[in-house]
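K.L.:
Sequence:
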Amino acid sequence: MRTAAFGGGLRVDYRSLTAGYPIVGVASRASLPLLGQAGPGRELRFRWVDRETSLRRLARRESEVHALANAVAGAFDALGFPAALPAAN
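Numbered per the working numbering, the sequence shown spans residues 1 to 89.
Calculated directly from the structure, the hints in this document are not laboratory data. Beta carbons are placed, not taken as given, at the ideal position from N, Cα and C, and that holds for glycine. Any given hint could be a false lead.
Per label pair, the in silico range of CB-to-CB distance [what the hints assert, rightly or not]: (1) A59 to G80: 16 to 24 Å; (2) P82 to R45: 38 to 46 Å; (3) F46 to P82: 38 to 46 Å; (4) P82 to V49: 37 to 45 Å; (5) V49 to A19: 34 to 42 Å; (6) F76 to R45: 12 to 20 Å; (7) D50 to P22: 43 to 51 Å; (8) A71 to L32: 37 to 45 Å; (9) G25 to L79: 25 to 33 Å; (10) D77 to V24: 23 to 31 Å.
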C-alpha cells in the first residue's frame, strides 16, 4: 500500500478495488454482530486475526448464542409461557 497527501486529505493506492473503492479491511463473521452495533462516525480499529483464531471465536460466539436461546426457552417454559422464539438447535 502506498499513501500520498493531497489537498489536505490522504490518497491511498491499493491493488484491490471493489466498485472503485479500496478494500481497507475485512471483518470476520465472528465480529459482524459487534460491527453492526457501531453507529455512524464510530472509530473502528482493525487488527490481523488468523483464520484458525477467527473460526474459534465464531464457534464460541455461536455456542454462547445457542446456550442463551436454550436458557430463555427454559425460563419461558418454567413460567408457563410459550417460547417467544424457537430454541436454537
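K.L.:
Does each hint fit the structure? Answer for all of them.
P.N.:
Hint check:
Range check, A59 to G80: Cβ separation about 34 Å, and the 16 to 24 Å hint is violated. Distance hint check for P82 and R45: the Cβ-Cβ separation is about 43 Å, which falls inside the suggested range of 38 to 46 Å. Distance hint for F46 and P82: a CB-CB separation of about 42 Å, consistent with the stated range 38 to 46 Å. Between P82 and V49 the CB atoms are about 40 Å apart, so this pair conforms to the stated range of 37 to 45 Å.
Checked against the given bound of 34 to 42 Å, the beta carbons of V49 and A19, roughly 25 Å apart, lie outside it. Judged by the Cβ atoms, the range 12 to 20 Å given for F76 and R45 is violated: they are separated by roughly 39 Å. At about 23 Å, the beta-carbon gap between D50 and P22 misses the expected band of 43 to 51 Å. Taking the beta carbon of each, A71 and L32 are about 23 Å apart, not inside 37 to 45 Å as hinted.
Remark: the range hint 25 to 33 Å for G25 to L79 is contradicted by a beta-carbon distance near 44 Å. Checking the proposed 23 to 31 Å range against D77 and V24 shows it is violated: the Cβ atoms sit about 47 Å from each other.
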